[in-house]
Structure formats: C-alpha cells, structure tokens
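A.B. asks: Make the full structure from the sequences, and use the hints.
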Amino acid sequence: MLHKIFDLPIYLSPVAAHAETKESVLREIEKLKQDPRSYNPSGNERVYSDYMFGDEPKARKYKDEVIDSVKPNVEDFMGMVGAKQLDFGQIWFQRYETHSFHGVHNHWPSLFSIVYYLEFDPAEHRGTVFANPNRLQIDLYRARNIKLPVAFAPDIKEGDILIFPSFLDHYAPMNVSDKPRTIISFNFDLTG
Numbered sequence: 022m023l024h025k026i027f028d029l030p031i032y033l034s035p036v037a038a039h040a041e042t043k044e045s046v047l048r049e050i051e052k053l054k055q056d057p058r059s060y061n062p063s064g065n066e067r068v069y070s071d072y073m074f075g076d077e078p079k080a081r082k083y084k085d086e087v088i089d090s091v092k093p094n095v096e097d098f099m100g101m102v103g104a105k106q107l108d109f110g111q112i113w114f115q116r117y118e119t120h121s122f123h124g125v126h127n128h129w130p131s132l133f134s135i136v137y138y139l140e141f142d143p144a145e146h147r148g149t150v151f152a153n154p155n156r157l158q159i160d161l162y163r164a165r166n167i168k169l170p171v172a173f174a175p176d177i178k179e180g181d182i183l184i185f186p187s188f189l190d191h192y193a194p195m196n197v198s199d200k201p202r203t204i205i206s207f208n209f210d211l212t213g
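With this note's numbering applied, the sequence shown covers 22 to 213.
Just to be clear, a hint being listed does not mean it is correct.
[Claimed, not checked] For each label pair, taking beta carbons as the anchor points, the in silico distance ranges come out as:
{"hint": "1", "residue 1": "Ala172", "residue 2": "Thr212", "range": "24 to 34 Å"}
{"hint": "2", "residue 1": "Lys54", "residue 2": "Arg165", "range": "47 to 57 Å"}
{"hint": "3", "residue 1": "Glu118", "residue 2": "Phe173", "range": "19 to 29 Å"}
{"hint": "4", "residue 1": "Trp129", "residue 2": "Asp199", "range": "33 to 43 Å"}
{"hint": "5", "residue 1": "Gly100", "residue 2": "Phe27", "range": "14 to 24 Å"}
{"hint": "6", "residue 1": "Ala172", "residue 2": "Asp89", "range": "24 to 34 Å"}
{"hint": "7", "residue 1": "His126", "residue 2": "Arg165", "range": "26 to 36 Å"}
{"hint": "8", "residue 1": "Pro35", "residue 2": "Leu211", "range": "14 to 24 Å"}
{"hint": "9", "residue 1": "Gly103", "residue 2": "Arg165", "range": "37 to 47 Å"}
{"hint": "10", "residue 1": "Glu51", "residue 2": "Phe173", "range": "31 to 41 Å"}
[Unchecked claim] No more than 25 Å apart at the CA atoms, straight line, and that leaves these computed lysine to aspartate or glutamate pairs for DMTMM-like:
{"hint": "11", "residue 1": "Lys92", "residue 2": "Asp142"}
{"hint": "12", "residue 1": "Lys54", "residue 2": "Glu179"}
{"hint": "13", "residue 1": "Lys92", "residue 2": "Asp108"}
{"hint": "14", "residue 1": "Lys84", "residue 2": "Glu140"}
{"hint": "15", "residue 1": "Lys52", "residue 2": "Asp199"}
{"hint": "16", "residue 1": "Lys178", "residue 2": "Asp97"}
{"hint": "17", "residue 1": "Lys79", "residue 2": "Asp56"}
{"hint": "18", "residue 1": "Lys79", "residue 2": "Asp108"}
{"hint": "19", "residue 1": "Lys79", "residue 2": "Glu41"}
{"hint": "20", "residue 1": "Lys43", "residue 2": "Glu77"}
{"hint": "21", "residue 1": "Lys200", "residue 2": "Glu41"}
{"hint": "22", "residue 1": "Lys178", "residue 2": "Glu49"}
{"hint": "23", "residue 1": "Lys105", "residue 2": "Asp28"}
{"hint": "24", "residue 1": "Lys178", "residue 2": "Glu51"}
{"hint": "25", "residue 1": "Lys43", "residue 2": "Asp108"}
{"hint": "26", "residue 1": "Lys79", "residue 2": "Glu44"}
{"hint": "27", "residue 1": "Lys178", "residue 2": "Glu86"}
{"hint": "28", "residue 1": "Lys52", "residue 2": "Glu77"}
{"hint": "29", "residue 1": "Lys79", "residue 2": "Glu118"}
{"hint": "30", "residue 1": "Lys200", "residue 2": "Glu118"}
{"hint": "31", "residue 1": "Lys84", "residue 2": "Asp142"}
{"hint": "32", "residue 1": "Lys178", "residue 2": "Glu118"}
Source of the hints: derived by calculation from the structure; they are not laboratory data. If you're wondering where the values come from, they're calculated on a predicted model, not measured in any experiment. Beta carbons are placed, not taken as given, at the ideal position from N, Cα and C, and that holds for glycine.
C.D. replies: Structure follows, in structure tokens:
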C-alpha cells in the first residue's frame, strides 16, 4: 500500500483586481527603482527589489494596494486550509530584467509565501520552479534510469497568485527575454 504523507498545499489562482492594480503598482516600482539600494547585483543575480527597504513609507503605498487586491485569494486559501487569521510578514517586489534570475532559496521560518505575478508574459517568461527536497538523492538514481521528478513548475499567467509552504526550495529561472518579469513576494504566518 502506498501512503502519501505531508500533503503540501500549493494554491494558484488569478487575482480578480489585477487589471486595476498592475499599472499603478508598476508606476510606484519605477519610482522605487531610482533608489540605488533597489539594485541587487548579488553574484550573477542582478535584480531590482525593495527587499532592503523594509517598511519604509515610500514603499508602503503599493504594498497596501497589492494586499487589497490579493485579499480575496488569500481568504480563499485560508478557507481551504482551515485558517481564520494570518499575519503578513515582509512584502517586496522583484524585477527581473534580461539575464537576471534568483537562485535556489526558501523563505523559512515563515509558514507560507506568496508570489503575485504582476508583469509576466507566459510566451517569454518562466514562473517559479520548485526544487524537489530530495533532489540530491534523486540525481543518484538518474544514473540507473529511474525517473523521479527533480522540479515542479506550475503554469503561470500574468495576474496569478501562487501560495506555497515557505520551506520549499524554489527559484526564478533566468529571464532570457527583453521584457521585464515583475513579481510581488510576501511571507505570512497563520495565527488562528
């Protein structure tokens, strides 16, 4: 008998208010990009982000708008997992221009993370890729022609929200397009 244990919820849904949210949030991001702290050339990962800004007032405007836009999706997810309350942690944008990416990482110690695909062309971009937690062991089996999944990449469209357990290793593949790929990322914990 096969038992599947520790079912991991991954929620993917379109944000209904995306059309109203996108342009105003992108305008705010363009302003924030003017701050030299927003450019993060960490190794080969050249991304724009306001992660280092924390909760500075100049970044608060777009964050409040995004929270209002994704609230129905987050409430839907909470109902599915039986949660009543949540506590948002940090919220930040990441803009991936040509040849930028974000290597394998996770958002531990938060319980869940969100990626909101604000600017995304499925013909040009790839969305978040989840790495199998057992991927190093799986590589050993490949030599024996045993096929086990090393990664999972959901089909993403612009305006989608993706919610997943924060401990899952994931990455943003290199943007090989001339079009920017912009996401808003959040962490949150369930409090009741």
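A.B. asks: Give a verdict on every hint.
C.D. replies: These are the hints, each one checked on the structure:
1. Ala172 x Thr212: 24 to 34 Å: Given a distance of about 32 Å, which is inside 24 to 34 Å, the answer is holds.
2. Lys54 x Arg165: 47 to 57 Å: holds, 48 Å
3. Glu118 x Phe173: 19 to 29 Å: holds, 26 Å
4. Trp129 x Asp199: 33 to 43 Å: holds, 34 Å
5. Gly100 x Phe27: 14 to 24 Å: At roughly 21 Å between Cβ atoms, Phe27 and Gly100 fall inside 14 to 24 Å, so the hint holds.
6. Ala172 x Asp89: 24 to 34 Å: Distance hint for Ala172, Asp89 holds at roughly 33 Å.
7. His126 x Arg165: 26 to 36 Å: holds, 30 Å
8. Pro35 x Leu211: 14 to 24 Å: holds, 23 Å
9. Gly103 x Arg165: 37 to 47 Å: The hint (37 to 47 Å, Cβ to Cβ) holds, given that Gly103 and Arg165 are roughly 41 Å apart.
10. Glu51 x Phe173: 31 to 41 Å: holds, 33 Å
11. Lys92 x Asp142: With Cα atoms ~23 Å apart, Lys92 and Asp142 stay inside 25 Å; holds.
12. Lys54 x Glu179: holds, 21 Å
13. Lys92 x Asp108: The given pair, whose Cα atoms are some 12 Å apart, holds under the 25 Å limit.
14. Lys84 x Glu140: Between Lys84 and Glu140 the Cα gap is close to 16 Å, so the pair holds against 25 Å.
15. Lys52 x Asp199: holds, 20 Å
16. Lys178 x Asp97: holds, 19 Å
17. Lys79 x Asp56: holds, 11 Å
18. Lys79 x Asp108: Distance ~21 Å between Lys79 and Asp108 Cα, so the pair holds.
19. Lys79 x Glu41: This hinted pair holds, its Cα atoms lying about 20 Å apart.
20. Lys43 x Glu77: Answer holds: Lys43 to Glu77 is near 21 Å, not above 25 Å.
21. Lys200 x Glu41: holds, 21 Å
22. Lys178 x Glu49: With Cα atoms ~22 Å apart, Lys178 and Glu49 stay inside 25 Å; holds.
23. Lys105 x Asp28: With Cα atoms ~20 Å apart, Lys105 and Asp28 stay inside 25 Å; holds.
24. Lys178 x Glu51: Since the Cα atoms of Lys178 and Glu51 sit roughly 22 Å apart, the hinted pair holds (cutoff 25 Å).
25. Lys43 x Asp108: Distance ~24 Å between Lys43 and Asp108 Cα, so the pair holds.
26. Lys79 x Glu44: holds, 17 Å
27. Lys178 x Glu86: Holds: Lys178 and Glu86 sit about 20 Å apart, inside 25 Å.
28. Lys52 x Glu77: holds, 14 Å
29. Lys79 x Glu118: holds, 23 Å
30. Lys200 x Glu118: holds, 7 Å
31. Lys84 x Asp142: Distance of about 22 Å is within 25 Å: holds.
32. Lys178 x Glu118: holds, 18 Å
When the structure is compared with the earlier hints, no violation turns up for any of them.
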